[in-house]
Each structure stands twice: as C-alpha cells, then as structure tokens.
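Here's the letter readout for the chains.
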Amino acid sequence: MTKTYKQSAYEHISSFKPKFVQRVDNILHHSKSLAFSTNVTPDTDKGTLTTSVIYSQGSDIYEMQCSLPIAGDNDKKPKPGSEYGDAFAKVEKTALSPKWVYSGETVAKMSYLDGNETTLLAMSKNGSLAWFQDGVKVPVHIVQEMMGPATSYAAMHSHVRPDSLAVSDFSLSLDNETIVKSQSNGSEEDSILKIVDNAGKPSEILRTIHVPGTTVTHTVRFFDNHMFASCSDDNVLRFWDTRTNDKPLWILSDPQNGRMTSFDASTVSSDLFVAGFSTGVLKLWDARAVESATQDFTNRQNGEEPIQKEIANFYHSGGDSVVDVQFSPTSPSEILTVGGSGNVYHWDMEYALSNYDPEDTNRVPQDASEELQTESLRFVHRGGSRRNPQQHGKRNTVAWHPVIDDFVGTVDEDSLVTVYKPFTISS
Amino acid sequence: MKPKFVSRVDDVLHFTKTMTFRSEIIPDKSKGTLSTSLLYSQGSDIYEIDCALPLASFYQTISGGSRKDSSLAIPSPEYGDAFHDVEDTKLAPKWVYLGETIAKMSYLESSMDDTTIIAMSKNGSLAWFKDGCKVPIHIVQEMMGPATRFSSIHSHVRPNSLAVSDFCLSCNLETVVKSQSSGTEEDSILKIIDNSGRPGDVLRTIHVPGTTVTHSVRFFDNHLFASCSDDNVLRFWDTRTAEKPMWILSDPQNGRMTSFDTSQVTNELFVTGFSTGIIKLWDVRAVETASNDLTHRQNGEEPIQNELINLYHSGGDSVVDIQFSPTSSSDFLTVGGTGNVYHWDMEYFFSRNDDDNEDVTNVAPEELQGQCLKFFHTGGSKRTSGLFGKRNTVAWHPIIDNLVGTVDADSLVTVYKPFTGRDLIQGEEK
Numbered sequence: 001m002t003k004t005y006k007q008s009a010y011e012h013i014s015s016f017k018p019k020f021v022q023r024v025d026n027i028l029h030h031s032k033s034l035a036f037s038t039n040v041t042p043d044t045d046k047g048t049l050t051t052s053v054i055y056s057q058g059s060d061i062y063e064m065q066c067s068l069p070i071a072g073d074n075d076k077k078p079k080p081g082s083e084y085g086d087a088f089a090k091v092e093k094t095a096l097s098p099k100w101v102y103s104g105e106t107v108a109k110m111s112y113l114d115g116n117e118t119t120l121l122a123m124s125k126n127g128s129l130a131w132f133q134d135g136v137k138v139p140v141h142i143v144q145e146m147m148g149p150a151t152s153y154a155a156m157h158s159h160v161r162p163d164s165l166a167v168s169d170f171s172l173s174l175d176n177e178t179i180v181k182s183q184s185n186g187s188e189e190d191s192i193l194k195i196v197d198n199a200g201k202p203s204e205i206l207r208t209i210h211v212p213g214t215t216v217t218h219t220v221r222f223f224d225n226h227m228f229a230s231c232s233d234d235n236v237l238r239f240w241d242t243r244t245n246d247k248p249l250w251i252l253s254d255p256q257n258g259r260m261t262s263f264d265a266s267t268v269s270s271d272l273f274v275a276g277f278s279t280g281v282l283k284l285w286d287a288r289a290v291e292s293a294t295q296d297f298t299n300r301q302n303g304e305e306p307i308q309k310e311i312a313n314f315y316h317s318g319g320d321s322v323v324d325v326q327f328s329p330t331s332p333s334e335i336l337t338v339g340g341s342g343n344v345y346h347w348d349m350e351y352a353l354s355n356y357d358p359e360d361t362n363r364v365p366q367d368a369s370e371e372l373q374t375e376s377l378r379f380v381h382r383g384g385s386r387r388n389p390q391q392h393g394k395r396n397t398v399a400w401h402p403v404i405d406d407f408v409g410t411v412d413e414d415s416l417v418t419v420y421k422p423f424t425i426s427s
Numbered sequence: 001m002k003p004k005f006v007s008r009v010d011d012v013l014h015f016t017k018t019m020t021f022r023s024e025i026i027p028d029k030s031k032g033t034l035s036t037s038l039l040y041s042q043g044s045d046i047y048e049i050d051c052a053l054p055l056a057s058f059y060q061t062i063s064g065g066s067r068k069d070s071s072l073a074i075p076s077p078e079y080g081d082a083f084h085d086v087e088d089t090k091l092a093p094k095w096v097y098l099g100e101t102i103a104k105m106s107y108l109e110s111s112m113d114d115t116t117i118i119a120m121s122k123n124g125s126l127a128w129f130k131d132g133c134k135v136p137i138h139i140v141q142e143m144m145g146p147a148t149r150f151s152s153i154h155s156h157v158r159p160n161s162l163a164v165s166d167f168c169l170s171c172n173l174e175t176v177v178k179s180q181s182s183g184t185e186e187d188s189i190l191k192i193i194d195n196s197g198r199p200g201d202v203l204r205t206i207h208v209p210g211t212t213v214t215h216s217v218r219f220f221d222n223h224l225f226a227s228c229s230d231d232n233v234l235r236f237w238d239t240r241t242a243e244k245p246m247w248i249l250s251d252p253q254n255g256r257m258t259s260f261d262t263s264q265v266t267n268e269l270f271v272t273g274f275s276t277g278i279i280k281l282w283d284v285r286a287v288e289t290a291s292n293d294l295t296h297r298q299n300g301e302e303p304i305q306n307e308l309i310n311l312y313h314s315g316g317d318s319v320v321d322i323q324f325s326p327t328s329s330s331d332f333l334t335v336g337g338t339g340n341v342y343h344w345d346m347e348y349f350f351s352r353n354d355d356d357n358e359d360v361t362n363v364a365p366e367e368l369q370g371q372c373l374k375f376f377h378t379g380g381s382k383r384t385s386g387l388f389g390k391r392n393t394v395a396w397h398p399i400i401d402n403l404v405g406t407v408d409a410d411s412l413v414t415v416y417k418p419f420t421g422r423d424l425i426q427g428e429e430k
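Top to bottom, those sequences are chains A and B. Here the working numbering is used: the first residue of the first sequence is 1, the next is one more, and so on. Here the working numbering is used: the first residue of the second sequence is 1, the next is one more, and so on.
Keep in mind that the hints were calculated from the coordinates and are not lab data. A quick note: this is a predicted structure, and the numbers were derived from the prediction, not measured. In this text, a Cβ means the ideal position worked out from N, Cα and C, and glycines have one as well. Be a bit skeptical, because a hint or two may be false.
[Said to hold, decoys possible] Straight-line distance between alpha carbons at most 30 Å, and here's what the computed DSS-like set of lysine-lysine pairs gives: (1) A:Lys99 / A:Lys394; (2) A:Lys90 / A:Lys137; (3) A:Lys247 / B:Lys244; (4) B:Lys31 / B:Lys90; (5) A:Lys201 / B:Lys244; (6) A:Lys93 / A:Lys17.
[Unchecked claim] Pulled a few chain B residues facing chain A out of the computed Cβ check, cut under 8 Å: (7) Glu174; (8) Thr175; (9) Ile192; (10) Ser196; (11) Gly197; (12) Leu203; (13) Arg204; (14) Asp221; (15) Asn222; (16) His223; (17) Leu224; (18) Asp238; (19) Thr239; (20) Arg240; (21) Thr241; (22) Ala242.
Working from the sequences, and respecting the hints, build out all of it.
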C-alpha cells in the first residue's frame, strides 16, 4: 500500500497549552520533552480513541488524556480536516498537577515501559535515570550521576559550554530487559556508555564502557535485544553487543557531511538505520551491508578504510540541520526528522528500498535526486502560524505514538502541545 | 528398544550416546496415542526416533480427575510398545557431525533461523542443525589435536577428565554459553555465543582462573547464568557484565561437586550434586543476599550461604547428572553413578516451609528423604551391573509431564513415566 500525502493537510490536529496547579515563573526557562503511553482505549459510542501524552517540564512529569476520532473505519473515509480538533477537550480547562516528580533534576528524555511493574523511565539532563510507577509520585529506582562543582563533572558546569557537554541519551532493548545510556565523562576526550539492567534487578549497573577519543556520545540505540550502536561527536557510529568485551564489533565513520547530529535504528526491521547531519543531509543505511563491508578486503589491501555505502541520501531543503530522527514504531519504512527550524519532516523510504538490492555489492548509493526527494518526502509539519520564527528544534520534543499508526505529538518551547495525524490517501 | 541402524556399527559399546526430546507432540485420538520423537546420538550420528504413548499419560495430568473412570493410570507392570512403529525399521542418521563425537544435544523449539538442534561434541565444538539438511549449518569449531595447544587433552594420562565441556541456552534462546577446558592446567574458559542475529558468532571469552575443568553451565533467565567448576565453586555471571563473576558460592565439604542445574520454571531454585551422593537445593536469591550480608563476618570470613534442603543417594551412589523438570517447579531427577535414575519431588518440603521460615532442621532427614524421593528407575533386569551412569543420557520431555527417556551404553533406549502412589491417592480424593 502506497500512501500519498497532500502537503500540509492533516487528518487530525489538536493543540493546547496546559494549565498547571503550581505557578510556573517563566515557562520558556524549563526544558520540555514528550512521550506517549501505549495505552489505547477505544470508545465506539462516541467514536473516539483515548490515549495519553506524557509531558515533562523541568522536573515535573504530567500525563494528559487525549481522545481523537476513530477514522478510516467502515466506509467513513478519512478526510483532510482543515480545522483544529479538540483532542484535549477533557483536560483543556483543568489545571494539571504533576503525576511524577524527579526532584532536583531536569527531565530530558522519557520512555514508556509497558507491562512491567515500572511505568516510565526518565533521564535527566546530567544522565541520571529514574524509574516511575503508577501511583507513586517519586522514583522507585534511580541511577544517580554525580555532577556538581566538586565532582569530576565540574566541566559541565563551566560557563563556557555547559549545554554541549551535558548531553546524554539512553535506549531500551526490544525486550525491555537491558538499558544502555551514554553520557560525557566530564573530562575532555572521554565519554562513557553504561549497560543497566531492567529485568532482574532494575537500575543495577552491569558494565561501564569507555568510548575513547570522544567528548560527547549523544545517541545510543538498540537494534534488537543485544546489538546497539552509539553515535559520538567524532562522526563515528560504533556497533556493540551487550554481551561482548569492551570493544566495538565494528564501526562506521562518516566525516564528510558536517557533524553527525542524530541517529536512529528501526525497531521494525532491525537492519535499517538513519543518520542525520548538521548540514541537513540524511542517510539511510543497511546494518548488514555495513557489517559485511567491514570484512570485505577486496579493494583495500593496503589498510584503507572499509567502503560502507549507504542505501540512499536525502536532504532538508534550505540546509535545515537535522536535530532528531525517529523511525516509526509501526512501519518499517517511515521516518520523521526534526529540523533545526523546528519543522517536522515525514519520510517514506519505500521508494528508496524498492531500488535497493542488498545482494548487489557494486551498487551506487542513491543520490539525493529531485525524484527521490519528491517520492520520499511525504509531509512537512510547520506548526502553522502558531509557531514563532525564533523557535528552535530540539531532541525528544517530537514523538511517534507507539501503537496508533502515523500519530505524532510535539511540544514547543512555549509549552504548546500538538498532536496530529497527516492526511493520507491510500491509492 | 534397541534401535537398528542402516550403517554398520562395529561395537556399539565404544560410542558415546546422548539423547534428548523434541517438543512437538501430535495427539491421535482415534488410536488413543500421543506421538513425539526423541533425538538419539551415537558417535557423530544423530537419529530421530518416533515414539507413541497411550494418550492417558498426557491428558490425565492435564485434566486432573475429570476423566477419572478410564484415565486414572493403573500401574502397568509390562513394557509398553511406544516404539512399535520404528522397532523393525532400520534407522538412518538424520544429521551427522563428521569427525566429532556428540556429547550433548539441545532442541531449539520453533527458533529463528530455522535451526532445529544444537549439538556439542566432546572437545567443545558446537554445531547447529536444521531439518532437511544433514550437515551442520553453523559451527563453532574448537581446535584440538596433537598440533594444537589442546594436545594435553589427547594425552593418555587423563584424556577424559579434561575433555569435559557443557553448554546452555538462555531462556529466550538468544544466547549460548559454553564451557571447556583451555588445554593447560588451571585454566578453563567460558564462551558467550550469539544464537539470534548471527548464530555461531563468539561474542566473548571469559577465563575462569584457578580451575581446570568447568563441567556445567546453566542459565537462570535471559542473562544470569552460573558455571560450576572442579574447585567446587559456583560462579554467577551476567552475560552483559565484564569478566568478573557477580558473586560466588563455594562448597568444599561434601566431596567433588559433580553436577548442577537450575529450574527453568521458577528461575530461582538450583540444585547441586556431589560425588558423595549428596544433593543440595538452593535459592539463588538467598545465596546472593548472603554474599552481600556482612553482619557476622566483619573480618573477611566467607559468606554464610545456607542451602534450603539436603538429600542423599542411598549407598553413597555418586550424583553424575541432575536435571530440573521443565514442567514442574518442584520435581527434579538425578542420575547416580550406578546408572539409576532418582525422581525427587520437593512439594512436601515447600508446603512445610514458606519464604519466611527457612529453618529446615525441624524435619527429620529420614522423613524428608522418604517424602521427597518419589520414584526410582533402576532399568530392571535389562541393565547389567557393569554399567555406569553418564551425563546427558537421561532427558525430561519438555512438554509431557513426567515423561523421561534414557539411553544405556548398549544403545538400549527407554522411555518411561513413573507411576507414583501419590497420583493414586490424589485420584481417589477426587
């Protein structure tokens, strides 16, 4: 099934600015991040589907109900809606009080855990992790990272570049049993990965791996239950297995397109991954091909670098840098990217993948041609007139819904929460 | 049954034999039988043997007393004809691991990548087989021979005691851990091997210092496993941690620790068997807590790790193999050095002791022994007295409750399901 999108038409869009019980002095000062819960409750009487948005602001985490019309059912065809919907009608009037609080920390990323005793995993700006449970406002487990003027992390508190060093990330394995987190080690030229248990003894640190020669490892992502990759500021992707020694399995170095700023692995196919660059370039790769290229010495007997070719190249028009990239959790070929401008780009890689033959070792990467670009870029969410031009795109402010197809949530700097579903025509 | 073979076998006693079950079962209502198959290895050949059991043996346990009238098992003194269909046919090997002697097999149910079984050879090599392909599709080859540094294994001094290896699969079947001697004295190795993305990929090699042979490795869940070495120490590891055990359990007092198994049903219980015939049941949580509890040992004493229960083989029959039931959390079987198979049921013990009351001394050892030893399989008159029990020659069926298969040194394959008085009592109560 191919999907065609009409530019900037939404099947559904709703947004609102939450009100809070506590006084918030200046909402612009707090960092915000967004995630969805996996709970979906259909209500056939009203024709709505209810889910919830998890929204963090500073150290507070809020859960907000949102209900959207069930479309695409029966013979009711989805229509492009020109007006803003009322998904947040229920919570719009009420003042919200935080469901969970991670005192003294600024939440930078959240991940919803289904099924387990713990409901939510949150990471703070300094790399600490906290596990939350329904009905308990404070964390039930934590992995605390010491950062302050007296610790070895003092460099992060320098006024020279506090934000660029305090970059951390985490990822859960597909079975949710293992967590990998990355953080700067405070000193220059050393960043660390920690493997943390999430099954038998949650929050137990199993192993610490040093990534030499890198100051910041900004992204880690799992491919399956064991294999993961880390993306550092030396523009090198390192591939690891949680069970191996402290050495990467293989690496992928790509220094030519500016800083590698973002990276994501597909959880649906477990082979595909994308990397985004500060120049706006976006590359799609096949992990199997990258791995076999590292072992192929046919054309490089003299110690040359391996020839690791991507599947295809894309770009953000106008050189809009790529600050975040996320595979759809429900489709193997759909990706969204967040530009430095705050725009959200929706891509469908089906066209590129249909021209890709993993067996062909002599293939040429598909260049960012006009045709490839129009076939693949399906939708751009600009936030309309509500978004001011000073807006900057940030990581972890855009999230796919884990269950509902094509449903995306974003949060802006001024606390405006938007959920939308692009309008598609199935041809 | 003694299987017949297509290929000529010069002396069946010379070959090492092992067996395991496949987990597929096909009930046939019209004949009233349940078909399953067992895998039998002899030297480098692996055979699949079909066997059909009377249906009652399965459904009675599932449906309890609901079919009380007909299905209540009556102790049958006669040998059944489970192998009736294959008794007269000559068997051809289904898989062959050329040049190796198979020492252990493990069935992979409906796994990824279509592999059906993993077999380990005597020198520690692993081979993956799949249905329809006679040779291995992946192998992890260990070099052993006069020219390698493993040549000490081929020495005539003690070839068998060094060539001991074992492997175990994690609960989700994605990781394999195997143990082997590294050839030199005082060093044995564990290898962590992938079984999901790239089967056969050796991910990590861990040295176990101070041990010559690590004879058993077992997983508790997807990550936690323990290795049992000839220094009578159990070491607990996580596949994801660095090369140091998380905690250890040392038990030097009851002779050599010869066997070890973990419960796949509870993930917490494990048993150890000793050359003196002693069997100990442990709780892994309690062992771990004790290793972190420094209350009574401020001066660097060893941790006080107490077992839950102590049992023994009568007559000092050494414990050569021990296996938890894959279907019940309280049943396990042990194989004695005489070849006898002992069935144990811990239910009596568990019903008397909950987690809060770990004091077991209030039960007389004889009473406990009597209540827990449920069944005793001696192989009857068919077994010669010169036989010795061996590892991996006895297997539980992974699905059918209480069905056990054994293979003797003279290639006699036996499957049985014990009839215990307790079943009868429970049946009458209903």
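Against the structure, the hints come out as follows:
no., hint, result
1, A:Lys99 / A:Lys394, "holds, 24 Å"
2, A:Lys90 / A:Lys137, "holds, 23 Å"
3, A:Lys247 / B:Lys244, "holds, 17 Å"
4, B:Lys31 / B:Lys90, "holds, 24 Å"
5, A:Lys201 / B:Lys244, "holds, 18 Å"
6, A:Lys93 / A:Lys17, "holds, 10 Å"
7, Glu174, "holds, 6 Å"
8, Thr175, "holds, 6 Å"
9, Ile192, "holds, 5 Å"
10, Ser196, "holds, 7 Å"
11, Gly197, "holds, 6 Å"
12, Leu203, "holds, 5 Å"
13, Arg204, "holds, 5 Å"
14, Asp221, "holds, 7 Å"
15, Asn222, "holds, 6 Å"
16, His223, "holds, 7 Å"
17, Leu224, "holds, 6 Å"
18, Asp238, "holds, 6 Å"
19, Thr239, "holds, 4 Å"
20, Arg240, "holds, 4 Å"
21, Thr241, "holds, 5 Å"
22, Ala242, "holds, 5 Å"
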